[in-house]
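Number of protein chains: 2
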Amino acid sequence: MAIIVQKYGGSSVGTPEKIKNVAKSVVNKVKSGNKLVVVVSAMGDTTDNLIALAKKITDNPDKRELDALLSTGEMKSCALLAMAIKALGYDAVSYTAYQIRIKTSGQYGKSLIDDIDEDKIKKALDKGKVVIAAGFQGINHEGDVTTLGRGGSDTTAVAIAVKLNGTCEIYTDVDGIYSVDPREYKDAKKLDEIDYEEMLELSSLGAQVMHSRSIELAQKYNIPVYVGLSNSDIRGTIIREVDDMNLESKPVTGLATSDEDVAITVRNIDNDINIISNLFEKVADKKINVDMISQTAPIDNKVNVSFTIPKDDLKECLDILKSYSNNEVKIDIDEDITKFSIVGIGMKTTSGVVAKMFKLFRENDIAVKMITTSEIRITCAINQKDKIKTINVIAREFNL
Amino acid sequence: MAIIVQKYGGSSVGTPEKIKNVAKSVVNKVKSGNKLVVVVSAMGDTTDNLIALAKKITDNPDKRELDALLSTGEMKSCALLAMAIKALGYDAVSYTAYQIRIKTSGQYGKSLIDDIDEDKIKKALDKGKVVIAAGFQGINHEGDVTTLGRGGSDTTAVAIAVKLNGTCEIYTDVDGIYSVDPREYKDAKKLDEIDYEEMLELSSLGAQVMHSRSIELAQKYNIPVYVGLSNSDIRGTIIREVDDMNLESKPVTGLATSDEDVAITVRNIDNDINIISNLFEKVADKKINVDMISQTAPIDNKVNVSFTIPKDDLKECLDILKSYSNNEVKIDIDEDITKFSIVGIGMKTTSGVVAKMFKLFRENDIAVKMITTSEIRITCAINQKDKIKTINVIAREFNL
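Chains as they are written, first to last, in the working numbering: chain A, 24 to 423; chain B, 24 to 423.
The hints are simulated quantities; they were obtained by calculation from the structure and are not laboratory data.
Do not take every clue at face value.
One copy or two, either will do: identical chains are not told apart, so a pair holds if it fits within one copy or between any two.
Unchecked claim - Taking lysine to any residue and the SDA-like style, the derived pairs with C-alpha atoms no more than 25 Å apart in a straight line are:
| # | residue 1 | residue 2 |
| --- | --- | --- |
| 1 | Lys-345 | Tyr-249 |
| 2 | Lys-243 | Lys-392 |
| 3 | Lys-382 | Asp-342 |
| 4 | Lys-145 | Asn-163 |
| 5 | Lys-126 | Asp-142 |
| 6 | Lys-392 | Glu-358 |
| 7 | Lys-43 | Asp-215 |
| 8 | Lys-79 | Asn-254 |
| 9 | Lys-41 | Ile-74 |
| 10 | Lys-146 | Asn-163 |
| 11 | Lys-186 | Gly-129 |
| 12 | Lys-273 | Val-391 |
| 13 | Lys-325 | Glu-141 |
| 14 | Lys-126 | Glu-141 |
| 15 | Lys-41 | Thr-395 |
| 16 | Lys-78 | Ser-48 |
| 17 | Lys-52 | Glu-40 |
| 18 | Lys-213 | Asn-350 |
| 19 | Lys-338 | Lys-392 |
| 20 | Lys-79 | Asp-68 |
All values reported here derive from a predicted model rather than from experimental measurement.
Bound-form chain A, shown alone (with noise of 0.2 Å):
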């Protein structure tokens, strides 16, 4: 009898009437004859509604206390669910992070999982149970209720399915995991299968399909993750390890772009390991996420460095450099970018994508204003106004 783990997202459970669809999509799984455990997020704009709630207790609301409040959420729709199947007449039980003892550690609201007690879950199982775990929540080391973050409840059904060594279903309201955001590009292909690295570099970049802890323990534990739509007979991406030879014709598996951040530069600074360490440890002190880094060759030993952060942190990065600007040194500030990445794991294999790309921004008249690369991925910064042209060529050409 095969282990299905099923997660199901907010909007999949967001009334009473979709938590009954979502209750006859189990039943008819179990009456396949399989063993279901299945994850449910907080019904729709719940965790929203409830840190709403906590604001208007304080702006700053204690983040122990804000963790066991949003874990709530999840524990109603669990609740329901289980109500909801066994209304079918088949049984169910529901399941807290308490009760499965799903073990975090690591900081409130972004707690990490250690470990579950899958014994309970097992045991359920074996008596015909339909189990529903509650996602996005854990109890940590001291017996305090904890989060995973947005999107934590991915993570629970993966870590679920590498306890009870079973297979994962997310069912969300996409239909599966495309090579370029289908609303950036009309023609973008959906895709029957991804490698779990080129997921994660995706999701990294902006593709926020999924939690991208989930595709790292998934990966880890070679769990496959089937990734689509509940109640549909349209077929999803399934993540898992994707053989290279398949690829060897396919260099590049998606695309992804980003609005989201702003480019800084640092002009004519020393060109001292020092000081430049220095700064960017101050930056990652204040947990400003720092992203692509280039700087230019040494003139008279003074360089430039330019670095990309998030948006929403510019404010807090500015008050640190202010104490590096003076006469010579300047601060110039870049909100005009847009980053642009393509990934893919036969990039490992295939040499000229990167000249492949320049040819083809050169062509189109597309300035490229910083890059980094890894081993399978290029991400450049451009101009935003040239995003929608660089997807066209690029997905283009790479047939995305």
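Please build the complex by placing chain B on the supplied structure of chain A, with the hints as guidance.
Chain B only, in chain A's frame:
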């Protein structure tokens, strides 16, 4: 340092603004040098709204899952109150039933508290934290979430006060316990104090200020319980063991009425203890709560048996009685009754209360349909039209 266990009802924490007011009251008591544990109910209509949500899933929600669902209401208000106290610069921590191991047994929806792990609460108090505990909920021996029934947060508060050897304050939307419901008798007197047993009788008779089990528990461990308004100088009522000495001059402490019952009479049934006890067993099997029972003297070895039951259970009860009715035995129903009770531990030592009451009934033309008595209570079934007159006559005579 005194330990005070306070309980705030749903209307006291109905909005973020009200929660902030409760936080201020709590902080004031902390400033005066007390250690505080605060038990909260769910905000406003939360519990009713959650029940309505469950009913949208199924007409008959699974009881385990309904308890799991309802328990989230108190978790929410707990976390919000802890945030509000922290925002005022005082340390606080919220605990669910799971975290302080409020162990329960019995049925879902009306579980009984077996034990509470007071160590975790004491440790937090010793660190200078205000402890906010979720009322109304517990965990049974299978590790399931349970609830204690409507008003169960009172019992949570008293139970914690017992374990910590503290005093208990119940804050609600009435300013104390009255000898008569002030909505029915405008001259009703508020009581400075009332004995546990009197309060128990009044509670079970329809004076719904407090959860009956909380009073039983307070009585068993001799914990005084204050009932009143929060944030108010108006003095409430203390429920405690009242010295009989004070009471000789006042045999009757309070009066309660209920229109929620119906009287059933089975006429001309054989005066056979087996038949009659079998009838009541069948009624009890359906969990129908029989209150007043009276039986006429036998004529030709036939008797009339009358008893009252809650109106809600009438249909089910009649289904049972069908098998007893025939050409001889008839079932009469009287929906026009008010249960009228007077309560006072002074009755134990004062004779003639019944006689005085009957004299007043006779003089005022009040018909008594049934009567039952206990050591500290007399209950009559009267016609509903006589209710207000009876309240006035009796309240005036006994100075209530």
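Unmet hints by their number, sorted upward, for this structure: Of the numbered hints, 1, 2, 3, 7, 13, 15 and 18 do not hold.
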